[in-house]
Amino acid sequence: MKAGMFRGSGLRLYALFYLLFLYAPILLLPLFAFNSGTIIAFPLQGFTTDWFGQMWENATLRRALGNSLTIAVSASVLATCFGIFAARASTRFSFPGKGGIMGFIMLPMVLPEIIVAMSLLVVLLGVGIELSILTVIFGHTLICMPYAIAILSTAFSSLDKSLEEAAYDLGETKWSAFRLITLPLVMPGIVSALLISFTISLDEFIIAFFLAGSEPTLPTYIFSQLRFPKQIPMIMALGTVLVALSICLLAIGEYFRRRGNARIGGKETGGFL
Amino acid sequence: MTETRHDVLDAARPMIECQDVQKYYGDYHALRGINLTIREGEFFSLLGPSGCGKTTLLRTIAGFEDISSGAVLIDGNRMEEVPANKRPTNMVFQSYAIFPHLTVAQNVAFGLRRDPRGKDEKARLVDEALAMVGLKGYGARAAHALSGGQRQRVALARALILKPKVLLLDEPLSALDRKMREQMQVELIKLQRQVGITFVLVTHDQEEALVMSDRIAVMFEGEIAQLDGPEALYARPVNRRVADFIGVMNFLPARILSENGEGAKVEIAGLGEVDLPARQISRANADDEVVIVGFRPETMTLIGPGQPHTQPRETGATIDEVVYYGDMTYYDLRLDGSARLDGGARTVRISMRNLFGRDVQDVGTRTRLAWSPGSLVLFR
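Chains as they are written, first to last, in this note's numbering: chain A, 1 to 273; chain B, 1 to 380.
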């Protein structure tokens, strides 16, 4: 390591502050979640797990959590499935208008979400579709897809085209060649795409706020509770649970990516997560 | 009398027949009327520069590409309606296409998935196939951990285990280093003799084609320029382009003095007047090309001063450049009087084996070149 390069230049200090700024607020979540005082301020009072109990007994929160999980699972599965089709088509074939089509599919990644949410709301109301978690799933699939495609395209494009041809040549059908050869080889990409989509959907606020109707999701519920100071310790407990969950998901994703990589002898390239 | 390999192949039945095969990619005419018969048990090569259509032709035989018109027959059956996974052909891909997430044995056994035979029988077939390509005991290894040469062998075993009627090889040796490539060439020949399956090889390497093939089709721009055995292709190329592509050939400008059905009398720059019989005259050249005479570097000999020789003709020359290869030396010679026809002085390249006791000559030495009109080919 060229540690000497940074010594004395103040860059270490900069890096330290940067990390502190990034993660210190998150570290406050569990701190106050286990604090018995109802006011979010130092000094800490005593240790308690009441807030977690209170959180669990809150029916609206449970409903919001259920909704969010349903939406995140559905949207990530849908986005990944559609993403597989798009990524395979864009990396394997050339067809007229390919650049334009792929551009339009990737566009929601950079479009302001509020625009997407508003225009979807207008269309849905215009067509007469009632707002529910189904409409949120629809919206989340739309915004998750570009991320899924970006990850899956990398997985597909690093795949030798003749692998599938070889399997086909050896007597398999086109579908079984895909299932036996391509699918296992892009599986780390699929897992990554699922996890990213799941995370994006889980904490998405704007579309959920516009399209959920009267149904709560976790972010919209948390937002609505911030008005009541009494509820804040419970929100802290909820935040702690979510952070723990995210870390678990990340670890699982990384484990699968590394295992898949090792199995095909791929070079360590860092991965998306 | 015992039959030679050529006798057997000449009598063998056709295994692949291409009849006026045309292939278009949009406006691009990739194959322009290919007519070709490859016999059972033959080691056949499609040779040409990149973009000449050789890989496209191989892929139409494999079934990966549809043809625009014409017909491809394998073992007498028309193949239009038969997809690649139902054809009696198997392919060795340029990248080998080894499945990286499977073991060597799983790779080799892949084509047997739909085979009704029992597990033990399949395992025996896999062992047999691995032994055949010299990878005995490698079955349990992870495929991604193999070297290039080993991957190549796994690809061969995987294709041959299905006992195809035709094995198609798409530039199978191009990814290997020179030593490994030469070793695999010999092994491929042996393997082909052993299994007796028709091999069709695509290559851009003329040496590889000459070494391995019974017959070679040289392709340019979607057409077969010449289809011959290696010796005939090397000694009597049908046109200048083929001559230039296969090995090294010297070209000298020439002028036809007289011509009849039996041959022609020509004047060649630097070599003088020569009578050439009809079999040494190639007419398959574009009309606007100038008349030219070609010969191979090893067909002429450098002669020291006063040294006797048995060749009918000799010509004076000066050594322009010497390239020493250890076993061989290449001499670039300026022939006396080579500028006589059109004013341009020409060098020709001569190769000499460095036999024991034969000295390598220096640049600038005056020397003589001994040769025979029999080694010349006239392109007109």
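Among the clues, some could well be false.
[Claimed, not checked] Computed far set for chain B versus chain A, every beta-carbon distance over 10 angstroms:
#1 Ser69
#2 Ala84
#3 Asn90
#4 Ala97
#5 Phe99
#6 Gly111
#7 Arg114
#8 Glu221
#9 Leu252
#10 Glu314
#11 Ala339
[Unchecked claim] Simulated crosslink set (DSSO-like; lysine-lysine; CA at most 27 angstroms straight-line):
#12 B:Lys165 with B:Lys136
#13 B:Lys165 with B:Lys122
#14 A:Lys174 with B:Lys190
#15 B:Lys190 with B:Lys165
#16 B:Lys119 with B:Lys136
#17 B:Lys179 with A:Lys174
#18 B:Lys163 with B:Lys190
#19 B:Lys190 with B:Lys179
#20 B:Lys119 with B:Lys163
#21 B:Lys136 with B:Lys122
#22 B:Lys119 with A:Lys161
#23 B:Lys179 with B:Lys122
#24 B:Lys119 with B:Lys86
#25 B:Lys179 with B:Lys119
#26 B:Lys136 with B:Lys179
#27 B:Lys163 with B:Lys136
#28 B:Lys165 with A:Lys161
#29 A:Lys174 with A:Lys98
#30 A:Lys161 with A:Lys98
#31 B:Lys190 with A:Lys161
#32 B:Lys163 with B:Lys122
#33 B:Lys265 with A:Lys174
#34 A:Lys174 with B:Lys136
#35 B:Lys163 with A:Lys230
None of these hints come from the bench; they were simulated from the model.
Backbone N, C-alpha and C define an ideal beta-carbon position, used for all residues, glycine too.
Here is what the structure says about each hint:
1. No Cβ of chain A approaches the Cβ of serine 69 (chain B) within 10 angstroms, the least distance being about 24 angstroms, so the stated non-interface status holds.
2. Annotated as non-interface, alanine 84 (chain B) brings its C-beta within 10 angstroms of a C-beta of chain A; the closest such distance is 6 angstroms.
3. Consistency note on asparagine 90 (chain B): stated as away from chain A, yet its beta-carbon is not over 10 angstroms from all of that chain's, at 6 angstroms minimum.
4. Its beta-carbon lying about 4 angstroms from the closest one in chain A, alanine 97 (chain B) breaks the requirement of being farther than 10 angstroms from that chain.
5. Distance check on phenylalanine 99 (chain B): its Cβ comes as close as 6 angstroms (rounded) to a Cβ of chain A, failing to clear the 10 angstroms threshold; non-interface status is violated.
6. Interface exclusion of glycine 111 (chain B) from chain A breaks down, the closest Cβ pair being 4 angstroms apart, not more than 10 angstroms.
7. Distance to chain A contradicts arginine 114 (chain B) as a non-interface residue, since its nearest Cβ pair spans about 6 angstroms, not more than 10 angstroms.
8. Residue-level check passed: glutamate 221 (chain B) sits 23 angstroms from the nearest beta carbon of chain A, beyond 10 angstroms.
9. The non-interface label for leucine 252 (chain B) is consistent with chain A: the shortest C-beta to C-beta separation is roughly 45 angstroms, beyond 10 angstroms.
10. At the 10 angstroms boundary, the C-beta of glutamate 314 (chain B) stays outside the reach of chain A, the nearest C-beta of that chain being 55 angstroms off.
11. A cut-off of 10 angstroms between C-beta atoms confirms that alanine 339 (chain B) is not in contact with chain A; the least separation is 53 angstroms.
12. Restraint check for lysine 165 (chain B) and lysine 136 (chain B): the C-alpha separation of about 24 angstroms stays at or below 27 angstroms, so the hint holds.
13. Using a Cα cut-off of 27 angstroms, the hinted pair lysine 165 (chain B) and lysine 122 (chain B) holds, with the two alpha carbons roughly 20 angstroms apart.
14. For the hint pairing lysine 174 (chain A) with lysine 190 (chain B), the CA-to-CA distance comes to about 34 angstroms; that exceeds 27 angstroms, so the pair is violated.
15. The hinted pair formed by lysine 190 (chain B) and lysine 165 (chain B) meets the criterion: a straight-line CA distance of about 17 angstroms does not exceed 27 angstroms.
16. Annotation: proposed proximity of lysine 119 (chain B) to lysine 136 (chain B) holds, straight-line Cα distance about 19 angstroms (limit 27 angstroms).
17. Between lysine 179 (chain B) and lysine 174 (chain A) the CA atoms are separated by roughly 37 angstroms; this puts the pair beyond 27 angstroms, and the hint is violated.
18. Distance hint between lysine 163 (chain B) and lysine 190 (chain B) is fulfilled; the C-alpha atoms sit about 16 angstroms from each other, no more than 27 angstroms.
19. With a C-alpha separation of about 17 angstroms, the suggested pairing of lysine 190 (chain B) with lysine 179 (chain B) holds against the 27 angstroms cut-off.
20. A threshold of 27 angstroms between alpha carbons decides the hint, and for lysine 119 (chain B) with lysine 163 (chain B) the separation of about 18 angstroms falls inside it, so the pair holds.
21. Simply put, lysine 136 (chain B) and lysine 122 (chain B) have alpha-carbon atoms about 15 angstroms apart, close enough for the 27 angstroms limit, and the pair holds.
22. Simply put, lysine 119 (chain B) and lysine 161 (chain A) have alpha-carbon atoms about 30 angstroms apart, too far for the 27 angstroms limit, and the pair is violated.
23. Restraint check: the Cα-Cα separation between lysine 179 (chain B) and lysine 122 (chain B) comes to about 34 angstroms, which exceeds 27 angstroms; the hinted pair is violated.
24. At most 27 angstroms may separate the alpha-carbon atoms for a hinted pair to count; lysine 119 (chain B) and lysine 86 (chain B) meet this at roughly 23 angstroms.
25. Only pairs whose Cα atoms come within 27 angstroms are accepted, and lysine 179 (chain B) paired with lysine 119 (chain B) is rejected, the gap being roughly 38 angstroms.
26. Among the hinted pairs, lysine 136 (chain B) with lysine 179 (chain B) is consistent with the structure: their alpha-carbon atoms are about 22 angstroms apart, no more than 27 angstroms.
27. The suggested pairing of lysine 163 (chain B) with lysine 136 (chain B) holds, with an alpha-carbon distance near 19 angstroms, which does not exceed 27 angstroms.
28. The hinted pair formed by lysine 165 (chain B) and lysine 161 (chain A) meets the criterion: a straight-line CA distance of about 25 angstroms does not exceed 27 angstroms.
29. The suggested pairing of lysine 174 (chain A) with lysine 98 (chain A) holds, with an alpha-carbon distance near 23 angstroms, which does not exceed 27 angstroms.
30. In summary, the hint linking lysine 161 (chain A) to lysine 98 (chain A) is supported, as the alpha carbons are separated by about 19 angstroms, within the 27 angstroms threshold.
31. Distance restraint check for lysine 190 (chain B) and lysine 161 (chain A): the Cα-Cα separation of roughly 30 angstroms exceeds the 27 angstroms cut-off, and the hinted pair is therefore not satisfied.
32. Proximity of lysine 163 (chain B) to lysine 122 (chain B) is assessed by CA-CA distance (about 13 angstroms); at most 27 angstroms being required, the pair is judged to hold.
33. For a cut-off of 27 angstroms, the pair hint linking lysine 265 (chain B) to lysine 174 (chain A) is broken: about 63 angstroms separates their Cα positions.
34. This hinted pair does not check out: lysine 174 (chain A) and lysine 136 (chain B) have alpha carbons roughly 31 angstroms apart, beyond 27 angstroms.
35. The suggested pairing of lysine 163 (chain B) with lysine 230 (chain A) is violated, with an alpha-carbon distance near 78 angstroms, which exceeds 27 angstroms.
In terms of the numbered hints stated before, the structure departs from hints 2, 3, 4, 5, 6, 7, 14, 17, 22, 23, 25, 31, 33, 34, 35, listed from lowest to highest.
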